[in-house]
Structure formats: C-alpha cells, structure tokens
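Undergrad: Could you build all of it, start to finish, from the sequences and the hints given here?
Number of protein chains: 2
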Amino acid sequence: MFRRSLFGLALLAATGSSALAQVDPLPSWNDGAAKRSILDFVMRATTAGGADFVPVLERIAVFDNDGTLWSEQPIYFQFAFAIDRVKALASQHPEWKEREPFKSVLAGDMAALFAGGEKAMLEIIMATHTGMTVEEFAKTVEDWVATARHPRFNRPYTELVYQPMLELIGLLRANQFKTFIVSGGGIEFMRPWTEKVYGIPPEQVVGSSGVVKYELRDGKSVLVKEPKVEFIDDGPGKPVGINRFIGRRPVLAFGNSDGDLQMLQYAAGGAGLRFMGLVHHTDAEREFAYDRQSRVGKLDKAWDEALQRKWTVVDMKADWKVIYPFERK
Amino acid sequence: MFRRSLFGLALLAATGSSALAQVDPLPSWNDGAAKRSILDFVMRATTAGGADFVPVLERIAVFDNDGTLWSEQPIYFQFAFAIDRVKALASQHPEWKEREPFKSVLAGDMAALFAGGEKAMLEIIMATHTGMTVEEFAKTVEDWVATARHPRFNRPYTELVYQPMLELIGLLRANQFKTFIVSGGGIEFMRPWTEKVYGIPPEQVVGSSGVVKYELRDGKSVLVKEPKVEFIDDGPGKPVGINRFIGRRPVLAFGNSDGDLQMLQYAAGGAGLRFMGLVHHTDAEREFAYDRQSRVGKLDKAWDEALQRKWTVVDMKADWKVIYPFERK
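Protein sequences appear in the order of chains P and D. For the first sequence, this note's numbering begins at 1 and goes up steadily by one. For the second sequence, this note's numbering begins at 1 and goes up steadily by one.
By construction, these hints were calculated from the structure, which means they are not laboratory data. Any given hint might turn out to be false.
A pair holds if it fits inside one copy or across any two, identical chains being indistinguishable in the list.
Claimed, not checked - Think about it this way: if two alpha-carbon atoms lie no more than 25 Å apart in a straight line, the pair counts; the simulated BS3-like pairs of lysine-lysine are:
hint	residue 1	residue 2
1	K178	K35
2	K196	K310
3	K321	K298
4	K87	K317
5	K220	K301
6	K119	K103
7	K87	K97
8	K220	K139
9	K87	K119
10	K178	K196
11	K213	K228
12	K317	K119
13	K220	K310
14	K35	K298
15	K139	K228
16	K103	K321
17	K310	K298
18	K301	K213
19	K317	K35
20	K298	K213
21	K310	K321
22	K139	K213
23	K119	K228
TA: Put into structure tokens, the structure is as follows:
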C-alpha cells in the first residue's frame, strides 16, 4: 500500500496536478503495449524492496533528440539553422555566390545541395558554426530559435516537440530519474534552449562537438570555435559519449533511428531492470511517416533488433493521442 | 529580514543542523578574509532582488581536485594507484623486471622513476589504465580506494579530503549551486568514489580521459579503454573541459596550482558576481607546505595573478581550524 502511494504521489508530481486522486501521468498516450511498458518499468524501478528496484543514483535515462524528442523532417532542424545562417552571412561572403555548396544554398536548390553529400553539409556546418566564441554562437542559436519557422507547420521549431515524450520525461524526473539528451546533433546548438523546452539543463546534453580553443582577448577569457570536428556522438559514438559525460550505463534509452542502435544496446547490456524504446514515425498526416528508406532518420537495423529483443516500439499514429503540445485543446 | 531568513535556512540545511538558531556553515574555517569572502559571495548570490543575485541555473561552481579537495603529496594519489597496479600486475608481466620504467617501480626506486619524466609516467598510466572495460577499471579503483593507505597518514586516501572544502561544497549545494570537479586527473579514476566522498555524482566530474571503444563481446555491449590520450583537462584544457561538459561559465572556481589558472580566468571573465579562490599549502605540520618550487602542484603564476586581481587565497595554516575530517573530536 505504502509503495503504491509513493508511486501515486510521484505521478501527481509528474503532471503537476493538485488533485488528490491519482491521475494519468501520460495523458497523451493511448492505452496500449507501449504505454503499459513504460508505466510497468517506472513502477518496478521505484518499488522499494522489489526485485527490480533501481537505486536513485542509477536512474539514468537517455534520449536521442532529432526524431525522438522533436521532429527531424524535412531536414534536421540544425541544418535548417545552418542554411538560414548562410543566407544571413552571404553579404559578408560575396564569393559564396559562385562557390559550392554555398551557391546552391543561396539559390534555394536543395537537390543540388544534397547531391554534394556529407562533404557539402560539413562545409556548411563549419562555415556557420565556427570562427566565433561559444557565447556568440549561443546567442545566434537563441535568436534563430526565437524567429525561425518550420516550413510545413509555420511554427517555431521548438514547438515541434513531442507532447507524449515531454510527459515521459516529466514522469521519469518525478520518479528521481536524471534525464539526458544524447544526440548526434551539435551540443552547442542544443544547449541554449533544452532547459526551457525540455527542462534539461546544458550539462545534461551530450552531443557532437567541434574543437574549441581557450584565448585571452584584451585580457578577457574566451573560447573560440575552430573548424575541426572533435567528436561525433552518433552510432557507436553514443555509448562513448554516454560514458564520457555521464559515466554510468543508462537504465533507460529512447531513440528512433539506426544511429541510436548502439546506445540502446549499451543500455540493454547492464544488469537488472532496463527499458529500451524506439519511436517509429508512422503518422504522415499529423507528423511524418518514414523508416527503412529514409535519408533522414533511417530506421532499419535498430528496428529489426528491437523486434527481435522485444524492445518497446512506439507507433506514433496508434500510440500518441497528441503529437505536438499545440494540438491540445 | 525575509532574505536573511532564507539565507539562514540554507545555512542550516548546509550543516544538517536541527537547531533553530542560525549556525556557522563553515565551522572548520577560522574567521578571516577568506571565510568572510565566501560568506559574502553566497549571501550576495542568493539575495533575491539584490544587484549581485545569481539565478539558480547559473549557480555553477567548479573545483579542482588534487590539492584543492584532497591532498596531492608526496605524489598525486592517482599515480600511487598506478604504482600499486604495476606491482599487482607484475606477475603477469615478467618482462617488466628488466624494462623501464616498470623496473624502477618494482624496485621501489622513485627517484629513477621521476628521472624518466612525463614519458615514464604516461607509460605507467597506459599500462595500468587501459586494455580493460570501463566497468572493470572502475572496480579496480574501488578496490584500491578500499584498501590502499597513504604512506604518511596511514589512512585511506579518501580520508585525506579537506574538511573546510567539504563544508564549502555543502554550503554551496544548500544554496542551490551545482558543484563540479574539474581536475587534471583521470575522469574514470575519480568517478567511482566522488559521490560517496564529496556528494558529487559521476556526471559532475570533469577530467582527463583516454579513448574508449564500443564493442560487442559475445553479444554484450562493452566500452574498452584504449592506450591513447583523448583529452588533457589541465591548464587551458580546463575551460575547454568546462565548456564541453557543463556548457556554461562558472560563477565560482577554486584551485590550488598553475594548472588552474585558466579555469580561474575563465570564471573571472563572466559578467556579474564571481568568486575565484586558491588553496595555498602552508601547513607542513598538519598537511604539506609547497608553492613556487614544487614538482607537484606548483603555485607560481596563478598566485601572482590572484594577488594582483584580489582573488581569495586561502592560507591553510591560518584559515583552516581542521584539515582532515578525522581531526575533529
């Protein structure tokens, strides 16, 4: 009875409800196997004296960002930021009009840009993400987040976060889990807004990074972003990033693509209770539908492994009542 | 009055006292400029509406470890660990008897070892810190911490932490500061015990690191420590490490040697209220006395800059009533 009450209290805290009755901590999730697997996991992890109890210090939960906590179509939002930066900086770089991949970006020819492959993308990222101090870059990101709009939804990108995942993060935090983002995206692109949007502070964001260099400029200490990749937090890099930043094996990991496979395997490899989840994008009407053949967020091997190992696979269309917070009445 | 009460409550929380009267949150600090500068900083930072108020999210405090939170003489404790590991592993490496620097270590000839310089030290570190999984390594550290004894004090190394600094960390945490270690020492050497000893969890420990590699071994996911340096969190590396792991400029930084200078400069370079502190080892009787000429923990340039910029310099002999927790009655 006592254990049940504690869990109920945590659920109340998760939803911020002041009602005395126990409320649904995941109101945007339809009843189904995915929702039940989450509630079962949290109940087991927090039942003191139970076989699956997880000590508070071990309650580490990691979430991919692109396609797991917010949308990633038609292009990664960080790449939309980079393209907007190329346009904003073009007047300072007249040579870009004649030079690829900038020429295609400025002409709005995305097909030509994508034809340039990863090399072209990296060049765009380097030109827009380096050469300034980390604080100057953070300001640029903040300004973009405040003004840019998604082409399909015509809303700020940070409104295109998944309401059901916000509820899951809240439920975990109310039950003393520490929640981390572990993303292939740039760490300095995410940190300026993750606290406001997810309640996840900068130091709980793990991501890809470039080299930064310490300098004294007129006696003032600054860190300058250099055009050199330091760490790619994707695929096998995700367990490496988790070890580097968090130092413990997570008990819960949630992703949506093959880039999350090793992170899920790493969470699965620990002793005791585990939760591995994948978001499957099945809702072309409310969001996007893509998996095995997608250029962005390809879900193929990780899906097969999830099915084989009975990890939780969320079917967005079937499992989520609401996708985005703004859909709620 | 209200503000004062809040501060008082935080002080009570810091010391864990149940008394209703306000108690001294730093009982092991003698009254003096250092203690007053700390209390003044915390009061200003937490006074809502005051000119120096620091929002909770910005309350980032960073501490060097060796010589700032625990002793570092006669050799860095991590190096004592490495030497003990060489001895423990010697039977599996018969070739070490004839090969430097292992030969000197096994013969107990520290002078010969130090004559080998950084190259010899790095070789010892690599031989004892790599080739196993991160979890196997953590277990080795835990076992060593539980059994090894400091040659002078004949106590576990983790008892040689500074009681006044534990009180400072507690005071900061009670006032909603997030406390981090930022050490030149190995991140995986510290993380197994910092939670127990300082109340600082693994993910709030920043340090030097080696490359780790993700592998599946018989289907089980592991991270293997490779003999390659990844990051040296010392000198100009400290602001870089702070940016990478924490993502914000600290408002408080405490160190004790020239390796901490750039971290202190970086904290000093932010806007608003700041606190920069140095521990000066002046007590040969109770601990150790060393500064400008020391091989370990050299304090020279950072001391000059601290004096010039009026940072707080703690004189261990004069400012600390007690050095180690075990001295308390």
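Undergrad: For every hint, state whether the structure bears it out.
TA: So, going through the hints one by one against the coordinates:
Taking identical chains as interchangeable, the C-alpha atoms of K178 and K35 lie at most 25 Å apart only when both belong to the same chain, with a minimum of 20 Å there against 34 Å between chains. Neither within a single protomer nor between protomers do K196 and K310 lie at most 25 Å apart by alpha-carbon distance, with minima of 34 Å and 36 Å respectively. In the homo-oligomer, the alpha carbons of K321 and K298 lie at most 25 Å apart inside one protomer (24 Å), although the nearest pairing across protomers, at 62 Å, exceeds that limit. Taking the shortest alpha-carbon separations for K87 and K317, neither the intra-copy value of 36 Å nor the inter-copy value of 61 Å comes in at or below 25 Å.
Within a single copy, K220 and K301 get their C-alpha atoms only as close as 49 Å, which misses the 25 Å cut-off; across copies the closest is 17 Å, which meets it. In this assembly of identical chains, K119 and K103 lie within 25 Å of each other by CA distance solely inside one copy; the values are 15 Å within and 50 Å between copies. In this assembly of identical chains, K87 and K97 lie within 25 Å of each other by CA distance solely inside one copy; the values are 11 Å within and 65 Å between copies. When the C-alpha separation of K220 and K139 is checked against a cutoff of 25 Å, the pair qualifies only within one copy, where the shortest distance is 18 Å, while the shortest distance between copies is 42 Å.
Taking the shortest alpha-carbon separations for K87 and K119, only the intra-copy value of 19 Å comes in at or below 25 Å, while the best inter-copy value is 49 Å. In the homo-oligomer, the alpha carbons of K178 and K196 lie at most 25 Å apart both inside one protomer (16 Å) and across protomers (18 Å), since each shortest distance falls under that limit. Taking CA atoms no more than 25 Å apart as the test, K213 paired with K228 passes in both settings, with 11 Å inside one copy and 21 Å between copies. For a Cα distance limit of 25 Å, the shortest separation of K317 from K119 qualifies neither inside one copy, at 35 Å, nor across copies, at 59 Å.
Taking the shortest alpha-carbon separations for K220 and K310, only the inter-copy value of 16 Å comes in at or below 25 Å, while the best intra-copy value is 54 Å. Proximity of K35 and K298 under a CA criterion of 25 Å is satisfied intra-copy only: 24 Å inside one chain copy versus 57 Å between copies. Proximity of K139 to K228 under the C-alpha cut-off of 25 Å is restricted to the intra-copy arrangement: shortest distance 21 Å within a copy versus 35 Å between copies. Taking the shortest Cα distances, K103 and K321 never come within 25 Å of each other, neither inside one copy (43 Å) nor across copies (68 Å).
Taking the closest pair of Cα atoms, K310 and K298 come within 25 Å of each other only inside a single copy of the chain (20 Å); across copies the shortest separation is 56 Å, beyond that limit. In this homomeric assembly, K301 and K213 come within 25 Å of each other (Cα to Cα) only across copies, at 21 Å, whereas the closest approach inside a single copy is 38 Å. Taking the shortest Cα distances, K317 and K35 sit within 25 Å of each other inside one copy (13 Å), while across copies they are farther apart (60 Å). In this assembly of identical chains, K298 and K213 lie within 25 Å of each other by CA distance solely across copies; the values are 24 Å between and 34 Å within a copy.
Only within a single protomer do K310 and K321 lie at most 25 Å apart by alpha-carbon distance; the minimum there is 23 Å, versus 59 Å between protomers. With identical chains, the CA atoms of K139 and K213 are at most 25 Å apart within one copy only, with a shortest distance of 18 Å there and 34 Å across copies. For the identical chains of this complex, K119 and K228 are intra-copy neighbours only, at 13 Å inside a copy versus 28 Å across copies, given an alpha-carbon limit of 25 Å.
In summary, the structure is inconsistent with hints 2, 4, 12 and 16 from the numbered list given earlier, while agreeing with the others.
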